[in-house]
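A.B. asks: Now for the letters of each chain:
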Amino acid sequence: MSPARHLLSFAGGAYRTARFVARDTPLRLAIFAALALAAAWPLLSSAAMLNEFRDAHVLGHYETAARESILRWHQAPLWDPYYCGGMYLLGTPQARFVSPTFLFTLLFGESRGEAITAFAMMMVGLEGTFRYARDRGATRFAALLAAPMFAMSGIFAVSPALGWIGFFGFELLPWMALGVRRALARERWAIVLTAVAAAWCVGFGGTYAAPIAALWCAFEVAEFAVTHVHGQRRKLLAGVGVAAAGAALATALAAVRLWPIAQTLDEAPRIIGGTPGNTWKILVRMFFFPLRTDSDDGEFYLGFFVAPAALLGLARRRSIGLALAAILCIWLAAGYEANPSLFAALRELPLYVTLRYPERFLVPLGLATATLAARGISLAEAYARVQGAPHAQREGRSRRRRVAAVAVFAVASLAMVIGVGPLVAQHALHAKERSLGVLSLPDAATPFHQARGSRWALAYYEPMQRGSLSCWEAYPVPESPLLRGDLPSEERIVEPGAGTVTERSWTPNAIDLDVTLSRPATVAINQNWHAGWRSNVGEVESDHGLLTVALPEGTHALSLRFLPRSALGGALVSLVAAGALVFLALRAHRAPRVNTLREGAVLAVLVAAPALTFLFALHGRSPRTFAEPPLTPDGRPVVADGLDEAAVRIDAKFADGVVLEAATLSTPDPRAGSDVSLELDWRRSPRVDPGLGIFVHIEPSSGTAQNGDHVLLSGVLAPEDAPPERTLRDVIPLFVPDDARGKTWKVWVGLWHVRRGGSRVPVLDGGHTLVDGDRVLAVSFVAR
Amino acid sequence: MNLAWAPFTLICALGLGRALTASAPSQSLAADGAQRRDAFRYVASDEAAERHEAAKTFPTDLWSRDDDFHSREAKRARDWARTHHVRVGDALSAIDQGLREHWPSGSSVPLVATVPPCRPRAIY
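For the protein sequence lines, the chains are Z and Y, in the order given.
The numbering used here numbers the first residue of the first sequence as 1 and each following residue consecutively.
The numbering used here numbers the first residue of the second sequence as 1 and each following residue consecutively.
Among the hints, a few may not be true.
[As the list claims (entries may be wrong)] Calculated lysine to aspartate or glutamate pairs in the EDC-like style (CA-CA distance at most 16 Å, straight line):
#1 Z/K281 <-> Z/E337
#2 Y/K56 <-> Z/D738
#3 Y/K75 <-> Y/E53
#4 Z/K746 <-> Z/D772
#5 Z/K743 <-> Z/E699
#6 Y/K56 <-> Z/D675
#7 Y/K56 <-> Z/E699
#8 Z/K281 <-> Z/D296
#9 Y/K56 <-> Z/D739
#10 Z/K281 <-> Z/D297
#11 Z/K746 <-> Z/D689
#12 Z/K653 <-> Z/E699
#13 Y/K75 <-> Y/D32
#14 Y/K75 <-> Z/E52
#15 Z/K653 <-> Z/D738
Note that these hints are calculated values from the structure, not bench results.
My request is simple: use the sequences and hints to build the entire structure.
C.D. replies: Next up, the structure:
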């Protein structure tokens, strides 16, 4: 036999084997497990070590805090006293413990659990992509080849290195999409699949995965509507109705996380400014080029090997939907670089206003590309079969045509197989780049105290029973400025000489104190206040965000408990939704589809049950809130009736109805190397554009300029949330550089649409100062 | 059990086993009392200079300044632990203890036991 025949025979054998493996579920899963194992091996081999990257410290901490809450304190993971002076753990959007993978953390600890989670989630993604591609019309062989392209793509290699395990929530995207597609076909089990996958994604801290997956699911519905709008109205309405039921039950099942998160973000909204964008060149490098350190290359790597099959996939008419999805993903990923910007339009929606990084839309592009590739391989496979069929040979089709068909199929398939190598290599490269450390053993005997701490080394604090006041999160965690990291006791009586307080027992969600007071007084606990704290005696109050209890005179056994309504109500709604889904799953065996009006009515009742539970839970006793006025960094109210006497008037008028009334430097002739503060006094009209920001350019007569751009007035109040026709104090600190001496410094101030396109707001009237390029001269000084 | 699932089960067990048998390098030594004071002095003595540097990096943002300082402080604690072959956690614990018990720090300014509230930057 000639070498060419040998090669053909080998290729034919490999093809037949792959088809057999793809058809056999246990074998297919074994192949997927082997691929996931190869990719996750470096993570699994270093599973005992601590990832020292800063974000890994914080995100891993939430998992540890939840584990300790359950295993050590035997409590639900509701409150985390170990970070930021105390925060609502269940309401922290980036925490990932409301997920089946938390079992790994519970059993094996955070660092080992993290590696196993990455391994497991990759398997979940591989099988999900396979099934999704199959549902999109791919053959088993093609779907088998396409699955690693998405489920092992660059984002899943980058994420563990940075501690961003929540990004593995994207592995649930094909499952959610599959669920919606089958729900549109009125299949009962698909409602369960959609709900479980979506709730898992939310519980897994998918701050990007869940909103982006929701968009993908909406796209699936829109595609279905477009293809059924002519002549199949009843089918269309029924399908959309069942899919809507799936979405409603998904929301209800995720309520245990969604409600607490909604509460958190309502109290402390995440403000995102700027107009991020990516050029086409950058997007191509992120998607197709391998990892290169100190660059964005390969962050969402799929590689060039997928290209031939994906291009073939575009040749099919039924791929129009996927092609459109891919184009939308690219458009969104370009962010503000694209004009018009779809990303900017998306950020007008409430749920999407907080998205910062448009390039993350390259993740769903990965799914679209992998599925297109699967369809391309399927097309080539079918064509090669047709050309090779006996009837085609009888019809005298040319041998050259047959060879070409087989060659196209072989090249596209082989490229996909070869492409798996660089995918696995990406995982190893990223894992190798991590800086790893070793955690000390927990010190269980030491009592808890708040420490100044450091979020850059957060993982070290919980084991030594210390909280870290040093805090970072993606949203402004409500944190009291009165917290201290050096107190001998975490509880004290605020009024000197009014009595004593002794700690009887301390756990994250429950603090018991013995208090003796000779007169009415306040007990202060060195943690943040939250509406979920309750006491058995006295009134729980907030003192500048600090947790306090106002008590009458006498001896008290004070018990503080943390049990927010959003946690309790959310859990109740989730429980009812879980019951409804179990009922649906049982019914799906006997009646797979929702066919009749009666069955639709039953489905509506199942959706209504958690909705009514939500309404019932919502009408309980409202938690007490403390609307403390926003304060400047020096402790004055941001909102004032008028200007201070010493204010230097400017009265510059901007478009959008905003006036810069005055600008005052705390020291007129500051010293080099010292701190001063600059107060800008604004006044806004009743109607002001949302998304305004303030830019501050601090320019010396020679040397480097400084920048003080910001969104919130005095760091606490958005201009659109401020009351109109009042003086709004915007105090910003200003460090005068060491080399400032003798130089003249000019501080220029203006407004820009920081969250809407980035254009400057025109200056209509400079008032008493100079105007230059839609900015006004606020102050100028010569540093001593 | 159905034998068809054996390969899948085996590979999963291999992955799980690898994670559970992975070991960390042997722990560095625990710091003694003198070393803890030394660690505190080493880190805290530079606090004023580090805060000054942080102010230069973030001249108009109090939280960012403090956060930048904590980054420098954590790096210094790690450096000290590595050069003295003791646990990083001990160096961090020494800073906490020193601050709490007012150990001599060698710093020209009093150490700060509070932090500005968390204000993540809206614009990068």
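A.B. asks: Decide if the proposed pair is consistent with the structure: Y/K56 and Z/D738, CA atoms, cutoff 16 Å inclusive.
C.D. replies: Measuring from Cα to Cα gives roughly 8 Å; hence the hint holds.
A.B. asks: Has the given pair, Z/K281 with Z/E337, been kept, meaning a C-alpha gap of at most 16 Å?
C.D. replies: holds (11 Å)
A.B. asks: Does the structure keep Z/K653 and Z/D738 at a Cα separation of 16 Å or less?
C.D. replies: Not satisfied, since the Cα-Cα distance of roughly 34 Å exceeds 16 Å.
A.B. asks: Verify the proposed pairing of Z/K281 with Z/D296, using a straight-line Cα cut of 16 Å.
C.D. replies: Holds: Z/K281 and Z/D296 sit about 11 Å apart, inside 16 Å.
A.B. asks: For the pair we were handed, Y/K75 and Y/E53, check the Cα-Cα distance against 16 Å.
C.D. replies: holds (14 Å)
A.B. asks: Does Y/D32 sit within 16 Å of Y/K75, going by the straight-line distance between their CA atoms?
C.D. replies: Violated: Y/K75 and Y/D32 sit about 21 Å apart, past 16 Å.
A.B. asks: Between Z/K746 and Z/D689, does the CA-CA distance stay at or below 16 Å?
C.D. replies: Status violated; Cα separation ~28 Å.
A.B. asks: Given the hint that Z/K746 pairs with Z/D772, does the C-alpha gap stay at or below 16 Å?
C.D. replies: With a Cα-Cα distance of about 12 Å, the restraint between Z/K746 and Z/D772 holds, given a limit of 16 Å.
A.B. asks: What's the verdict on Y/K56 and Z/D739, does the C-alpha distance respect the 16 Å limit or exceed it?
C.D. replies: holds (11 Å)
A.B. asks: Taken at face value, is the distance from the CA of Z/E699 to the CA of Y/K56 at most 16 Å?
C.D. replies: holds (15 Å)
A.B. asks: Taken at face value, is the distance from the CA of Z/E699 to the CA of Z/K743 at most 16 Å?
C.D. replies: Holds. Z/K743 to Z/E699 sits at ~10 Å (cutoff 16 Å).
A.B. asks: Between the alpha carbons of Z/K281 and Z/D297, is the straight-line distance 16 Å or under?
C.D. replies: Holds - the C-alpha atoms of Z/D297 and Z/K281 are around 10 Å apart, at most 16 Å.
The structure fails hints 11, 12, 13, 15 (numbered hints given earlier, in ascending order).
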